[in-house]
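Asker: Residues per chain are reported as follows:
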Amino acid sequence: MGETIKIDVNHITRVEGHGDIKIDVENGVVKECKLEIVEAPRFFEAMLKGRHYTEAAIITSRICGICSVGHQLASVRATEDAFGLVLTKQNRQLKTLLDMGQYFESHVLHVYFLAVPDFVGAQSVFPLISTHKDVVLSALKLKKLGHDIGDMIAGRLVHPIGIIPGGFTKMPTVERLEEILDRIKDARGELLKGVALIKTLTLPDFTRETEYISMYRKGEYAFIDGNIFSSDKGEVSYKDYRKVTNEYLVPHSTAKRAKFSRNSYMVGALARFNNNYEWLSDSAKSVAEDLGMKPICYNPYLNTVAQMIELVHIIDECESIITDMLNTGLKVEEPAKPVLKKCTGVGAVEVPRGILFHEYTFDEAGYIVEANCVIPTGQNLQNIEDDMKAIVPVALGNRTREELTLDMEMLVRAYDPCISCSCHLLDVEFVNDGKK
Amino acid sequence: MSKPKVAFFDFTSCEGCQLSILNLETELLELLDIIDIVEFREAMSEKSDTYDIAVIEGSFSRDKDLKRLKKIRETAGVVIAMGSCAHIGGINSLRNNQTREDVQRIVYPDNPTLYETNKKALPISGAITVDAFVPGCPVDVKEFVKIVKNLVLGKAPGLPTYPVCVECKMNENTCVYEYGKTCLGPIVRAGCDAVCTSNGGVCIGCRGLIPNPNINSQKDIMEKYGLDMNLIMDSMNLFMTEEPKEV
Numbered sequence: 001m002g003e004t005i006k007i008d009v010n011h012i013t014r015v016e017g018h019g020d021i022k023i024d025v026e027n028g029v030v031k032e033c034k035l036e037i038v039e040a041p042r043f044f045e046a047m048l049k050g051r052h053y054t055e056a057a058i059i060t061s062r063i064c065g066i067c068s069v070g071h072q073l074a075s076v077r078a079t080e081d082a083f084g085l086v087l088t089k090q091n092r093q094l095k096t097l098l099d100m101g102q103y104f105e106s107h108v109l110h111v112y113f114l115a116v117p118d119f120v121g122a123q124s125v126f127p128l129i130s131t132h133k134d135v136v137l138s139a140l141k142l143k144k145l146g147h148d149i150g151d152m153i154a155g156r157l158v159h160p161i162g163i164i165p166g167g168f169t170k171m172p173t174v175e176r177l178e179e180i181l182d183r184i185k186d187a188r189g190e191l192l193k194g195v196a197l198i199k200t201l202t203l204p205d206f207t208r209e210t211e212y213i214s215m216y217r218k219g220e221y222a223f224i225d226g227n228i229f230s231s232d233k234g235e236v237s238y239k240d241y242r243k244v245t246n247e248y249l250v251p252h253s254t255a256k257r258a259k260f261s262r263n264s265y266m267v268g269a270l271a272r273f274n275n276n277y278e279w280l281s282d283s284a285k286s287v288a289e290d291l292g293m294k295p296i297c298y299n300p301y302l303n304t305v306a307q308m309i310e311l312v313h314i315i316d317e318c319e320s321i322i323t324d325m326l327n328t329g330l331k332v333e334e335p336a337k338p339v340l341k342k343c344t345g346v347g348a349v350e351v352p353r354g355i356l357f358h359e360y361t362f363d364e365a366g367y368i369v370e371a372n373c374v375i376p377t378g379q380n381l382q383n384i385e386d387d388m389k390a391i392v393p394v395a396l397g398n399r400t401r402e403e404l405t406l407d408m409e410m411l412v413r414a415y416d417p418c419i420s421c422s423c424h425l426l427d428v429e430f431v432n433d434g435k436k
Numbered sequence: 001m002s003k004p005k006v007a008f009f010d011f012t013s014c015e016g017c018q019l020s021i022l023n024l025e026t027e028l029l030e031l032l033d034i035i036d037i038v039e040f041r042e043a044m045s046e047k048s049d050t051y052d053i054a055v056i057e058g059s060f061s062r063d064k065d066l067k068r069l070k071k072i073r074e075t076a077g078v079v080i081a082m083g084s085c086a087h088i089g090g091i092n093s094l095r096n097n098q099t100r101e102d103v104q105r106i107v108y109p110d111n112p113t114l115y116e117t118n119k120k121a122l123p124i125s126g127a128i129t130v131d132a133f134v135p136g137c138p139v140d141v142k143e144f145v146k147i148v149k150n151l152v153l154g155k156a157p158g159l160p161t162y163p164v165c166v167e168c169k170m171n172e173n174t175c176v177y178e179y180g181k182t183c184l185g186p187i188v189r190a191g192c193d194a195v196c197t198s199n200g201g202v203c204i205g206c207r208g209l210i211p212n213p214n215i216n217s218q219k220d221i222m223e224k225y226g227l228d229m230n231l232i233m234d235s236m237n238l239f240m241t242e243e244p245k246e247v
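Which chain is which? The protein sequence lines are A and B, in order.
Going letter by letter, the first sequence gives residues 1 to 436 in our numbering.
Going letter by letter, the second sequence gives residues 1 to 247 in our numbering.
None of these hints come from the bench; they were simulated from the model.
Hints may contain errors.
[Unchecked claim] No farther apart than 30 angstroms at their CA atoms in a straight line, the calculated lysine-lysine pairs in the DSSO-like style are these: (1) Lys133(A) to Lys149(B); (2) Lys64(B) to Lys6(A); (3) Lys142(B) to Lys170(A); (4) Lys22(A) to Lys71(B); (5) Lys67(B) to Lys141(A); (6) Lys47(B) to Lys5(B); (7) Lys233(A) to Lys144(A); (8) Lys169(B) to Lys170(A); (9) Lys141(A) to Lys149(B); (10) Lys64(B) to Lys119(B); (11) Lys224(B) to Lys70(B); (12) Lys34(A) to Lys47(B); (13) Lys144(A) to Lys5(B); (14) Lys34(A) to Lys67(B); (15) Lys218(A) to Lys89(A); (16) Lys181(B) to Lys49(A); (17) Lys337(A) to Lys71(B); (18) Lys64(B) to Lys144(A); (19) Lys71(B) to Lys6(A); (20) Lys224(B) to Lys170(A); (21) Lys133(A) to Lys3(B); (22) Lys245(B) to Lys144(A); (23) Lys67(B) to Lys331(A); (24) Lys141(A) to Lys3(B); (25) Lys49(A) to Lys64(B); (26) Lys146(B) to Lys133(A); (27) Lys49(A) to Lys119(B); (28) Lys70(B) to Lys22(A); (29) Lys169(B) to Lys119(B); (30) Lys22(A) to Lys67(B); (31) Lys245(B) to Lys49(A); (32) Lys224(B) to Lys337(A); (33) Lys149(B) to Lys181(B); (34) Lys185(A) to Lys142(B); (35) Lys3(B) to Lys34(A); (36) Lys3(B) to Lys144(A); (37) Lys49(A) to Lys120(B); (38) Lys181(B) to Lys89(A).
On a predicted model such as this, the values are computed, not experimentally measured, just so you know.
If we strip away everything but chain A, and leave its shape as in the complex, we get (with noise of 0.2 angstroms):
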């Protein structure tokens, strides 16, 4: 006799942005296993028509908190791509440190608050204050050395104010970027700790092969320019986004889902770790090491495990940048001013979620004619389908249903969705359940 299993997770928690769970089992067979979106619908590309190229960046930045430097790079690298202002050497590593600041924002969130309370029992990162207190003092530096450094290049990480097409408005001191500096050094120690526990946790059994999709720059660990890489197919213009991303639609999710050489891909640490494995650090190799990562890993619960030893490689990374910047002085750039024409950009960026995408297109007076983003999550969300379709036949008679219902959970947790962007533009409403 088949099981029978209802699991509808209201409001996943600990996520950005609302997402619910709907795994529909009778008598062992699986009827329906979805990931549902039902964030409300912002309407973003449509607030972007007729606005200025300066209000785009302030504009989409509102997509999403925790994402806004994501949204901010990818919005300047769009407008530069389109009046063709290029990135000076000093521009790209303010960029670069600006967008490594919101890596450690982003993935100490995750990973601490968010991720790890499931391995430990705990319902929040609440309760971790009194049983984990040094580990939640840890994080709580680390993600506030991130602030610091968003604070340092554009006034604030959440919304920041100093990042314009073509430059920065203002630019960090040497003192400030001394300080940070030593920060910087003093994380390496910090962020150990965490790898240490993440070592003595158990993560979820589980593989599936899929493509992996992220940026491409050959000898680096690409984040704020480049071309796309599939793990499929190779290199592709980031021009040629579209070809890549075939946005499209499903009845039960109103986020734009994506597709390329198969029924999905994954974006995001895991992607970048597999696709640009060569370029990590020689320390975030080690530390990978020490955690028994090695490319290709397909299993997605590793996500969060990709995230600490990005972690690691952003430390090295961000002392080379800084320590090259003190050696070398700031210079006083004033931005780029573009000389406007009716022109279309692209800017492809790496966010802490995976690759993100920018387009816009501009009338001769600056003004926005169309715009598109395309949304990591979004990308994301046809493979989590995948795995969930994947893991629940398995877990049937072996899992009990809170088992499982946990299970999905920590699933949909591991790709650190952001639902919040995913849906800038649409909305769930069941107008009829996914059936023909």
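Place chain B on chain A using the hints.
Answerer: This is chain B only, laid out in the frame that chain A set:
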């Protein structure tokens, strides 16, 4: 005296304000000395049916959220609208300058009306009565703590009633009008420590208008610098489409 129970809720928003609360670091731990957080979906799995203070982030943009909002209003003694979206409609209300049909068609050309959305994205006060608000996009976390503490002590929230210009001057910034830029500082509520103008930006109005804004003085400034008053009206559309405008 038992600590008041505080629950956080979000509607149409980016959750950046809740994120800012999670970024409170040491102040967050201090805040937990005077309140109990009983629901905060972004950070914890527990949910609660009872709470004294409800903190709401996000705008009211679809009727199907009305039931949940009314329930929150019935349960909480104090409802706080947190951030621009909840306080004044914020960036969500930018779309109110276009028709619902237009925005749906732009974003979802193949089937514009499949997903429910109201004609306008409104502040939370467009759906239920709000007792207090924390302005800003995102909120200033120190101000948030101050307002919550004041409310817990039964005092007024204690928001400034003077404009951003006052704080900007105190920070010794050169007025951005001198650089030919348009800034909403003269009519927008202070309390952010003029964070935007102090970091090379202009005031974009995320905190809403001060009570009785001196629009005539704003007109004088525009005249003095040879700028068109329409620039102010257009800047106001970013966050303040739903704020009263009189020219």
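Asker: Check each numbered hint against the structure and report the violated ones by number, ascending.
Answerer: The structure conflicts with hints 5, 7, 11, 17, 18, 22, 23, 29, 33 and 35, although it agrees with all the remaining ones.
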